[in-house]
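Taking the hints into account, I'd like the entire structure generated from these sequences.
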Amino acid sequence: MKSKTEYLTFNTKNKREYIRITDKAKEVLDASGIQEGMVLISAMHITAGVFINDNESGILSDIDEMLETIAPYRDDYRHHRTGEKNGDAHLKNILTHHQVIVPVTAGKLDLGPWQEIFYAEFDGRRAKRLVIKVMGE
Amino acid sequence: MKSKTEYLTFNTKNKREYIRITDKAKEVLDASGIQEGMVLISAMHITAGVFINDNESGILSDIDEMLETIAPYRDDYRHHRTGEKNGDAHLKNILTHHQVIVPVTAGKLDLGPWQEIFYAEFDGRRAKRLVIKVMGE
Amino acid sequence: MKSKTEYLTFNTKNKREYIRITDKAKEVLDASGIQEGMVLISAMHITAGVFINDNESGILSDIDEMLETIAPYRDDYRHHRTGEKNGDAHLKNILTHHQVIVPVTAGKLDLGPWQEIFYAEFDGRRAKRLVIKVMGE
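Protein chains in written order, with numbering that gives the first Met the number 0: chain Z, 0 to 136; chain L, 0 to 136; chain U, 0 to 136.
Treat the hints with care, since some could be wrong.
For identical chains, the list gives no copy identity; a pair is met inside one copy or between any two copies.
As the list claims (entries may be wrong) - Straight line, CA to CA, 25 angstroms or less: simulated BS3-like cross-link-like pairs of lysine-lysine:
1. LYS107 / LYS1
2. LYS14 / LYS84
3. LYS25 / LYS1
4. LYS14 / LYS107
Hints in this document: simulated from the structure, not taken from any laboratory.
Written out as structure tokens, the structure reads:
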């Protein structure tokens with residue numbers, strides 16, 4: 000099994016942002032030369048998510064609204080007794096999951112026609128990392 | 000690393016359906032001859048999910064009810080400005096996640112006694128695809 | 000591709016508990032000798048979860064509270080017609096997801112500074128299993 004690992008760093012302007020990273024995954028895959036296997040794309044922070052959905056601004060706002068409804072920004076999370084203010088971002092990470100595995104078939108990301116990979120920042124305005132690891136032959 | 004890739008197509012009668020696919024994963028695994036590794040089972044659409052739970056009709060209805068409570072069918076999603084009507088299905092996909100990885104040990108799906116794999120259709124009545132990819136030795 | 004598989008058994012005192020298992024994953028990885036690849040950590044029951052978050056008791060309580068709000072312990076789940084009483088635990092499993100994949104780079108779990116792996120028990124006080132499978136070279 001061969002592998003190739005790269006890291007991306009995000010530093011968003013807003014507290015919450017949804018950033019399409021399909022092309023970044025493709026670049027790492029192409030550089031790896033791997034034809035059959037998978038790409039693991041995983042946030043390295045506990046206040047960010049990774050998901051696959053539609054590259055359409057309306058649905059990204061709808062997702063954001065749902066997450067804010069279930070896990071709103073609030074002052075009184077128990078986590079805030081530590082001095083932190085980002086309890087909601089931890090909960091949003093749990094709800095969206097922090098990683099996806101994209102199958103690689105015949106040298107390409109084996110995604111459906113509308114599937115795009117997103118990095119979901121829930122507590123931005125500072126450097127946050129993500130790992131992309133391609134594994135296969 | 001060896002691999003084997005197959006695609007399933009679903010065309011459900013209902014808008015929402017939960018279809019057990021454990022046996023399909025087993026068939027692809029058996030055909031692959033792989034003894035140690037994993038099976039990636041991943042929806043290729045952004046309005047479907049894949050999860051592991053109990054093959055019991057009551058709990059599948061309970062799951063459906065929870066998803067409809069959190070992310071109800073509604074007219075006023077921002078996504079619907081594009082002409083689509085399936086915003087709720089995108090949100091249900093985010094909540095359930097669209098993929099699972101089943102470990103393969105000694106040539107078998109290494110599942111617990113009650114674990115069954117389900118394809119969750121949230122916007123059916125049309126052809127939808129899923130990829131099963133076995134990887135290992 | 001090499002692999003190594005181990006199973007953990009939990010028998011919690013409480014119905015719901017969150018148990019840090021990062022060191023257990025590290026032990027299996029070290030025993031495997033694998034330098035590049037991944038560790039799959041997957042609950043073998045449909046009433047437990049596995050997630051990555053912060054080893055801070057406040058946020059673990061906040062996560063528990065969110066799950067209990069969305070999927071409360073209740074008598075009237077349809078699943079309970081079977082005689083079971085753990086419908087809420089099945090729903091909490093769906094919400095948290097039952098598995099994570101940790102990348103392995105240069106022989107180490109490739110986690111961010113605050114990422115810790117947790118086994119989430121939602122229906123404890125009895126033996127429950129989890130599989131850890133390391134795959135790579």
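Now for the hints, and whether the structure bears them out:
no. : hint           : verdict
1   : LYS107 / LYS1  : both (16 angstroms within a copy, 17 angstroms between copies)
2   : LYS14 / LYS84  : within (12 angstroms within a copy, 29 angstroms between copies)
3   : LYS25 / LYS1   : both (16 angstroms within a copy, 22 angstroms between copies)
4   : LYS14 / LYS107 : neither (33 angstroms within a copy, 31 angstroms between copies)
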